[in-house]
Amino acid sequence: MTLQQLFLGLSTLLASNIIFSATPSVDEIVNRTNYTSYYQGQDGKAKVKMTITDAQNRTRKREFVILRRDVPTTDAIENNAYEGDQKMYVYFSRPADVNKMVFMVLKKTKADDDRWLYLPALDLVKRIAASDKRTSFVGSDFLYEDVSGRNLAADTHALIGTDDNYYIIENTPVNPDEVEFSKYIMYIHKTTFLPVSTEYYDKQGKKYKTYTALAVDTIEGHPTITKSEAKNLNTGGSTLMEYSSVQYDVGIPDDIFSERNLRKPPRKLLR
Amino acid sequence: MRLSSIAFAITLISTSEISLAAPPPLPTGLEPIISSAPALPAGLPSSSAPALPSGLNKPKSNAPTLPSGLDSAPPLPGGLESGSSPSLPSGLGSAPALPGGINQVEAQEADQEESFSLFNQDEPFINVEGFWDIRGGVRTQNDPYEDQFSLGETRLQIGLQKDIGPVAINIVSDFLYDPIALNQHVDLQTGNGWVDLREANIAFSPLDFMDIKFGRQILTWGTGDLIFINDLFPKDWQAFFIGRDLEYLKAPSDALKSSFFSDYGNLDFIYTPWFNADRSITGERVSYWNPMLNSLAGRNAIIESERPDEGEYALRLYKTIAGNELALYGYYGFWKSPLGFDVNTGLANYPKMRSLGASIRRPVWKGIANFEAGYYDSYEQGSGSNPFIPNSEARFLLGYEQEIVKNFSIAVQYYVEWMQDYNGYVSGQEKIGQMVTRDEVRHVLTNRLTLLTHQQNVTWSLFTFFSPSDVDAYFRPSVAYKATDEWLLELGGNFFVGREEYTFFGQFVNNNNVYAAIRYSF
Chain V
1 MTLQQLFLGL STLLASNIIF SATPSVDEIV NRTNYTSYYQ GQDGKAKVKM
51 TITDAQNRTR KREFVILRRD VPTTDAIENN AYEGDQKMYV YFSRPADVNK
101 MVFMVLKKTK ADDDRWLYLP ALDLVKRIAA SDKRTSFVGS DFLYEDVSGR
151 NLAADTHALI GTDDNYYIIE NTPVNPDEVE FSKYIMYIHK TTFLPVSTEY
201 YDKQGKKYKT YTALAVDTIE GHPTITKSEA KNLNTGGSTL MEYSSVQYDV
251 GIPDDIFSER NLRKPPRKLL R
Chain R
272 MRLSSIAFAI TLISTSEISL AAPPPLPTGL EPIISSAPAL PAGLPSSSAP
322 ALPSGLNKPK SNAPTLPSGL DSAPPLPGGL ESGSSPSLPS GLGSAPALPG
372 GINQVEAQEA DQEESFSLFN QDEPFINVEG FWDIRGGVRT QNDPYEDQFS
422 LGETRLQIGL QKDIGPVAIN IVSDFLYDPI ALNQHVDLQT GNGWVDLREA
472 NIAFSPLDFM DIKFGRQILT WGTGDLIFIN DLFPKDWQAF FIGRDLEYLK
522 APSDALKSSF FSDYGNLDFI YTPWFNADRS ITGERVSYWN PMLNSLAGRN
572 AIIESERPDE GEYALRLYKT IAGNELALYG YYGFWKSPLG FDVNTGLANY
622 PKMRSLGASI RRPVWKGIAN FEAGYYDSYE QGSGSNPFIP NSEARFLLGY
672 EQEIVKNFSI AVQYYVEWMQ DYNGYVSGQE KIGQMVTRDE VRHVLTNRLT
722 LLTHQQNVTW SLFTFFSPSD VDAYFRPSVA YKATDEWLLE LGGNFFVGRE
772 EYTFFGQFVN NNNVYAAIRY SF
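Note that the protein sequences, when read in sequence, are chains V and R.
Read in the working numbering, the first sequence has 126 at position 126, and its numbers run on one by one without any break.
So the number in the working numbering is just where the residue sits in the second sequence, counting from 1, plus 271.
Calculated from the structure, these hints are not laboratory results.
Among the clues, some could well be false.
[To be verified] Derived DEER-like restraints, expressed as beta-carbon distance ranges:
no.: 1; chain 1: R; residue 1: PHE679; chain 2: V; residue 2: ASP27; range: 47 to 57 Å
no.: 2; chain 1: V; residue 1: THR109; chain 2: R; residue 2: THR724; range: 45 to 55 Å
no.: 3; chain 1: R; residue 1: PHE642; chain 2: V; residue 2: ASP27; range: 40 to 50 Å
no.: 4; chain 1: R; residue 1: LEU733; chain 2: V; residue 2: VAL174; range: 34 to 44 Å
no.: 5; chain 1: R; residue 1: TYR589; chain 2: V; residue 2: GLY84; range: 57 to 67 Å
Where is the CB? At the ideal position from N, CA and C, for every residue including glycine.
Could you put the whole structure together from the sequences, leaning on the hints where they help?
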């Protein structure tokens, strides 16, 4: 029995018939959500399939493997110790014209990300300028920032409600001029801290974009969204993102994230 | 215990308030946290119901349904059944991050097993990819020396890739029908004929710190954007000017590439046993300035050249330090284009050339900046004043690229070619009665504009070369539409302007062309 259980058990006895609940602080909720969304395990690997559907129901597919490694060596939520720089290696296989293309990011929490693109037909390692992170990722309804994570300090967070299943968090940008939204509201599942739904509101207060988790799997003890959908209410487009072969703590070596492996992909890891 | 320091805010509310925050509809398989009372947002008086956000007038229906995976019953809060259930959520309490070592060992074991299976079941027996491409282009003016059609071809590219144990085998070949070519004789060096072998190589890592890639391959290094100083691997300028896909700017090398990696730096050493020339302008497809004729020329004066029998060596030493990508380069071989002339045979040739260079690339302000320099030592005897051997040159490049607004980026470059022993060059030209001479220093500015629209399915691009010293320019506009994942449609052009007919871009004034292409990728 942990200290908390003891403590809460004791409180329960004292509280008797009165319903009793515990709500973490806003800071803890958003950190746990950030952790479960982007930082679980020391590293991770997943196969990702995106199906982009436009308003006319035309679809396009993207398939890639994503390798991630965290620079911080701890998963501890305390003092945001889990949070830090991350390295990502994205190896595309579909559509055919981007087959074997690699996108590599060194995501930095305190500076602009470093990004590279490898174009196999030209054997070209192209360094790409840190772009607006709120640009579509590979033409989908997900943005770069949705895939790599948005800095928590970029928004202020308020717990505006809860219900049986969710903490409802309103996030307001610190620098409204840098983003296209005025706020976004997250429904965070209470026990897993997964953002089950996120709704974006434009500057006029109109909801224009939603992200919804459609399936969750607990993988190696880590609750993981394995299927999610982004819907753009303005364009009528949507993108379904499906994860498969998700693994944590694979032991991805740090030197995978290098020019060597852009030119010579680590095939074993990408299977 | 990971959660030991978490501070729980404890809120007591009366049972009557539960109804205000009844659960939203739940999907099948999900058991709601029935007994969990809604907790109040921090700062709200404890007697009031949870404040609802604006726009969330109906919290019950606005709350999202749970996704299918969240179907295990969440643990009941401690208050419901005393002592019977943990107060911590199952996902967090029961699954602390496993020590990295344990999983890592398991993963590595699995990897090793895989590496010994010749035919991995997850993979197809052989990976096949490629495309079918049709493109045609037409000159927008007459060229007395060339066909009106600048481009008219269809090609099928087949790429085969297979891993056998630790060795990757890679073959990419184009099969094409090009009626505009003067002859269909297959030459794998020049790419002439119905087959153009782009890649045929094996790659493996004999040592942890060493990679080998052996065979026909595409090689690229350096920091320039369509300007190459230390990248002395073969280019296909003809393909570039007539509107083939950009990948054809890079011609294949037949080489042994060995790469060594360490914490102190990385080294690439490339040996090419036989000289791989550029697929340069010969007059067959693109008309050019012919100094012998003192006029523009084309199919009337196709440049015949003689390739040296010797090989080439290229070396790169590189390391990234705090985001600065630093590199040193060396090359020992020949001028890549037939800039020399053998008066005995009447053939153009490739004089000896060796070079040293360096580059740096790093983030600057909101973009990426690069600087590259190289010294081309044209070390054949008497090059300084021999009009048939090019002089040595120092070349410099400074570039910057930035995304200006979403999906729109601008890249600019300033490039300088500075001829050494210029007086010797001028006197050499006088000796053979050449009236026109190039400048000692050639300055070139480039500008790339790239705009993505229609959910990044349409790419609008304009690349401009402009030389204020030569007073000439080259414009490369294009628009490409990815109609589907498989089909790409492209329109583009190549436009040259110049005050004189003998400058670098000015000589191509009769080659202005527009082209269209359809490509099916598989």
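Now the hints, each set against the structure:
Under the hint 47 to 57 Å, the C-beta atoms of PHE679 (chain R) and ASP27 (chain V), about 37 Å apart, miss the expected range. Under the hint 45 to 55 Å, the C-beta atoms of THR109 (chain V) and THR724 (chain R), about 32 Å apart, miss the expected range. For the hinted restraint 40 to 50 Å between PHE642 (chain R) and ASP27 (chain V), the CB-CB distance of approximately 44 Å keeps it satisfied. Against the hinted window of 34 to 44 Å, the Cβ-Cβ separation of LEU733 (chain R) and VAL174 (chain V) comes to about 37 Å, which satisfies the hint.
About 27 Å separates the C-beta atoms of TYR589 (chain R) and GLY84 (chain V), a value inconsistent with the hinted range of 57 to 67 Å.
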